[in-house]
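Using the sequences and the accompanying hints, generate a full structural model.
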Amino acid sequence: MKKLTIVVLVLLLGAFVFAQGTKDAKPADGRPTIRLLTDATGIDDKSFNAAAWRGIVEFYGDTVENPANRGNLYDVVTAQTQDMYIPNLRQAADEGYDLIMVTGFTWADALGEVAPQYPNQKFTIVDVDWVGQPNVMEFIYSEEQGSFLVGLAAALQAKEDGIANPRFGFIGGVPGSTITKFEIGYIQGIRSVFPNAVIYDYYANDWGKPELAKAQAKNWYDMGVYCIFSAAGGTGNGTIAQAKEYRAQGKNVWAIGVDSDQYTDGIYTGTKSAVLTSMLKRVENSSLMVLNAVADGTFKGGVVQMGMEDEGVGYSAANPELSASVRAQVDAAKTDVLNGKIKLYKTYKEALAAGAVPAGLAALDD
Amino acid sequence: MKAERKRLSESDGATSVLVVLMGFLVGTILVALVGKNPLNMYKALFQALSGYNIDNGRMNVRYIAETLNYSVPFILCGLSMGFANRVGLFNIGGEGQYIMGLTLAQTVALLGPQIPVLHWVLAILAAIIIGALWGGVVGILKAKYEVSEVVSTIMLNYVALYLSRIICLQLPGATTYKTANFPKTALIENTFFQAITHNSLLNNGIFMMIVAVIIYWFIMEKTSLGYGMRATGFNKDAARASGIPVVRSISISMAISGAFAGLAGGIVALGSFKYGRVLAGMDNYGFDGIAVALVGNCTALGTTLAGLLFGLLKNAQALMQGKQIPKEITFIIQGLIVIFIALRSALKLYQEYLDKRQLQKEVGVK
Chain A
1 MKKLTIVVLV LLLGAFVFAQ GTKDAKPADG RPTIRLLTDA TGIDDKSFNA
51 AAWRGIVEFY GDTVENPANR GNLYDVVTAQ TQDMYIPNLR QAADEGYDLI
101 MVTGFTWADA LGEVAPQYPN QKFTIVDVDW VGQPNVMEFI YSEEQGSFLV
151 GLAAALQAKE DGIANPRFGF IGGVPGSTIT KFEIGYIQGI RSVFPNAVIY
201 DYYANDWGKP ELAKAQAKNW YDMGVYCIFS AAGGTGNGTI AQAKEYRAQG
251 KNVWAIGVDS DQYTDGIYTG TKSAVLTSML KRVENSSLMV LNAVADGTFK
301 GGVVQMGMED EGVGYSAANP ELSASVRAQV DAAKTDVLNG KIKLYKTYKE
351 ALAAGAVPAG LAALDD
Chain B
367 MKAERKRLSE SDGATSVLVV LMGFLVGTIL VALVGKNPLN MYKALFQALS
417 GYNIDNGRMN VRYIAETLNY SVPFILCGLS MGFANRVGLF NIGGEGQYIM
467 GLTLAQTVAL LGPQIPVLHW VLAILAAIII GALWGGVVGI LKAKYEVSEV
517 VSTIMLNYVA LYLSRIICLQ LPGATTYKTA NFPKTALIEN TFFQAITHNS
567 LLNNGIFMMI VAVIIYWFIM EKTSLGYGMR ATGFNKDAAR ASGIPVVRSI
617 SISMAISGAF AGLAGGIVAL GSFKYGRVLA GMDNYGFDGI AVALVGNCTA
667 LGTTLAGLLF GLLKNAQALM QGKQIPKEIT FIIQGLIVIF IALRSALKLY
717 QEYLDKRQLQ KEVGVK
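Chains A and B, in that order, give the protein sequences. For what it's worth, this note's numbering labels the leading residue of the first sequence as 1, then goes sequentially. For what it's worth, this note's numbering labels the leading residue of the second sequence as 367, then goes sequentially.
Think of the hints as simulated: they come from the structure by calculation, not from any bench. Glycine included, each C-beta is placed from N, C-alpha and C at the ideal position. Among the hints, a few may not be true.
As the list claims (entries may be wrong) - On the chain B side, residues computed to face chain A include the following (Cβ under 10 angstroms):
no., residue
1, N426
2, S566
3, A646
4, A684
5, Q687
6, K689
7, Q690
8, K693
As C-alpha cells, then:
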C-alpha cells in the first residue's frame with residue numbers, strides 16, 4: 001500500500017511536470033546572453049574560472065555575492081569529467097545563448113570540433129590561440145610581461161634591502177607553454193637587475209596541492225632564498241602560507257601572488273602582507289571585452305592578444321612595503337617593454353638561445 | 367516467519383527500486399529546501415531520458431544517446447565490481463584497471479598498425495588484457511598470500527594513475543595534457559549513430575558493453591566456473607572442502623573483474639575522445655562502479671539498469687545546472703541511494719531480531 005502511494009505520488013509529479021510546460025522567454029532588454037562552461041574545478045577556484053565569472057557578472061552590473069541575473073542572462077555549467085566537454089558545448093549551443101565561453105586549453109579540442117558544427121553560434125575561449133574558427137574569439141595573454149614586472153620588483157626590493165647575491169625561486173603547477181611564459185618573464189625581470197642571480201625552480205605537477213609548494217618553499221627559504229613566485233593555481237597558496245609564517249617570525253622573505261591580487265591572502269598582521277606583489281592576469285577583461293563585442297555587434301573570430309597596454313596583465317602595488325622607488329622603476333620598465341626596448345621571450349628555447357635564462361630549468365615548451 | 371520477512375525487505379530488486387525512489391524523494395526535498403524549483407530537476411532528468419525539452423518543446427535524440435554513452439563505463443565498472451563481489455572480494459581497484467585500460471588503448475591507438483577494424487580491435491583487446499592483469503595480480507596476491515585486496519587495489523589505483531602519466535607523456539605528440547590525434551582507424555565511432563543522433567558521442571562501445579553484460583550473466587549463472595566462484599563467495603572454506611579450487615577462483619575472478627574495467631577505459635578513450643589524454647586526475651568511473659554494482663545487486667540485469675540510472679544522472683547534471691539546480695544534487699542522490707542500499711543490511715538485522723522475538727514469544731506461549 002505504501003509503495004502504491006509512492007508510485008502514485010511520482011506519477012502525479014510527472015503529470016505536474018508536463019502541466020508546467022511553459023517556454024522560457026528571452027530577455028527583452030537587448031543585452032546578450034552567455035553561458036560559461038568550466039572544467040571540474042568550477043567558478044570557485046579563486047583563480048582562472050573565478051576571474052572569467054567575475055567579468056561576466058560585472059558586465060551585467062551584478063556582484064559575485066548576488067548574481068541577480070543568473071539563470072536569466074548568464075549562467076555556468078561545470079563539467080565533472082572531460083568526456084562531458086563536447087556534450088556540454090552542444091547542449092549550450094542547443095539552448096540558444098548569444099555567446100558560449102570556455103576557459104583553459106583543455107577545452108581547445110572540444111571547441112575545435114563543435115564550433116564548425118554551429119557556424120552561427122558565437123564562442124570564445126581564453127588562453128588558447130589555435131582553434132582558428134571564424135566563430136571563435138580567442139584570448140591569449142602576454143604573461144611574460146606581467147611576470148617580468150614582478151621579477152623586476154622583487155629584484156629591486158632585494159637591492160633596496162641591501163641583500164648581496166639574493167636568490168630567487170619559482171614554483172609552477174603543471175609544466176607547459178603557458179607556465180613557461182611566467183617563469184621566463186620572471187627570470188628576465190630578476191636578471192635585468194642581478195645578471196647572475198641564482199634561480200631555483202620546481203613544478204608540483206598539480207594545480208591543487210598547496211602542501212607541496214609549502215614544503216618546497218620552506219626548504220628554499222631555509223636555504224636563504226629571498227623571494228618565491230608561484231604560478232601554480234591553488235598549489236601556490238602553500239608558498240604564501242610559508243612566507244606568512246616566516247615573516248611573522250621576522251624573517252625577510254617574500255612570496256609573489258598570481259592571476260589575482262593576492263595581497264590580502266598574505267596578510268599576517270594588520271596591513272603587513274607576505275605577498276610582496278602579484279602578477280595580475282585579468283581574465284575578467286576577456287569576459288567584459290567579448291560581451292561588449294557581442295553587444296555592439298563587433299564580435300568576430302580570431303586571436304586577441306591581451307597585454308600590458310590594455311591592462312590585460314600587470315603587477316600589483318597593493319603592498320605598502322613595496323617601496324615607492326621600486327614602484328617608480330617598475331613603472332618605467334613598463335614603457336621599455338611596450339616600446340620594445342626590453343625584449344621578452346615567450347619560450348624557454350628562445351630565451352636559452354639568447355642567454356637570458358640559465359640552463360637546466362624544469363620549464364617545458366609544449 | 368517467511369511472510370514476515372517478505373513484508374519488510376521484499377526481494378532485492380524491489381528494494382533497489384524503492385531505494386532509488388527514496389533517493390529521488392529526498393533529493394527533491396533538498397532542492398526545495400535550498401530554494402530551487404524541484405520541477406526543474408525533473409525536467410532535466412526527463413530531457414536526459416527522452417530527449418524532449420519541456421521548456422521549449424524541442425525534441426533532440428542526442429540527449430538519449432549521450433545518456434546511453436555515459437552509461438557504458440558505469441555499467442562496465444559496475445560489472446567489474448559486481449563480479450569480484452560475487453566471489454566475496456571487494457574490488458576498489460576498478461579505477462586503476464580503468465586507467466590502465468585507457469592508457470593501453472591510447473598507446474595501441476597511436477602506435478598500432480593502421481589497418482581498418484583490426485586497429486581498434488587490437489586497442490580494445492589491449493585494454494581488456496591489461497585490465498585483467500592489473501586485477502589478476504591482486505587476485506593472486508589475495509589467494510596465495512592473503513594480501514587484503516581492498517588495500518592492494520586502492521594502492522594500485524595511484525600506481526596506475528602515475529604510470530599512465532609516464533607512459534602517455536612518451537606517446538607521439540604528447541604535451542602536458544594530451545597526445546597527438548588518433549588515426550581514424552583506431553576510433554570506435556559509429557557514423558550511423560552520429561547521423562541519427564545529431565552527432566552524439568554514442569559509439570560502438572555500446573555493443574561491446576552489451577556483449578560484456580551477456581558474458582557476465584553467462585559466466586555467473588551458466589558455467590561451472592561461475593558456480594565455483596559464487597560458492598567461494600558464499601563460504602570459502604566450504605567451497606574448498608567441496609573440492610572447488612578456491613585459489614584459482616579468486617585469481618580468475620579478479621582478472622575477469624579487471625577486464626571489465628579495462629574495457630570501460632578502452633571504450634572511453636577511443637569513443638569519447640579523438641586524442642589521447644595525459645590524465646591529471648581520475649575519471650571516477652571505477653569508483654562509481656562500486657555504487658552501480660551495489661544498487662544493481664551485482665546481477666547482470668540489475669547492474670545494467672543501475673548503470674543506466676547513473677548515466678542518466680550524469681547527463682542530467684549539465685542540464686540541471688542550466689536550470690540553476692546545483693550539480694551536487696545528483697551526487698547527493700547517488701550518495702543517498704548507496705546509503706539506503708547499505709541500510710538494507712540493517713533492515714535484515716532488524717528482521718532477524720524480530721524473528722527471534724517472535725520465536726521466543728511462540729515458545730514462551732507454548
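Structure-based check of all given hints:
1. At a threshold of 10 angstroms, the smallest CB-CB gap from N426(B) to chain A is about 6 angstroms, leaving the interface hint in force.
2. With a least beta-carbon distance of about 8 angstroms to chain A, the hint placing S566(B) at the interface is held under the 10 angstroms criterion.
3. Contact between A646(B) and chain A, as hinted, is supported at the beta carbon level, the nearest pair being about 7 angstroms apart and thus within 10 angstroms.
4. Proximity of A684(B) to chain A holds as hinted, the smallest CB-CB distance being about 5 angstroms (cut-off 10 angstroms).
5. Below 10 angstroms, beta-carbon pairs count as interface contacts, and Q687(B) has one with chain A at about 4 angstroms; its hint therefore holds.
6. At its closest, the beta carbon of K689(B) sits 8 angstroms from a beta carbon of chain A; the interface hint therefore holds under the 10 angstroms criterion.
7. Contact between Q690(B) and chain A, as hinted, is supported at the beta carbon level, the nearest pair being about 4 angstroms apart and thus within 10 angstroms.
8. Proximity of K693(B) to chain A holds as hinted, the smallest CB-CB distance being about 6 angstroms (cut-off 10 angstroms).
Hint violations for this structure: none, all hints satisfied.
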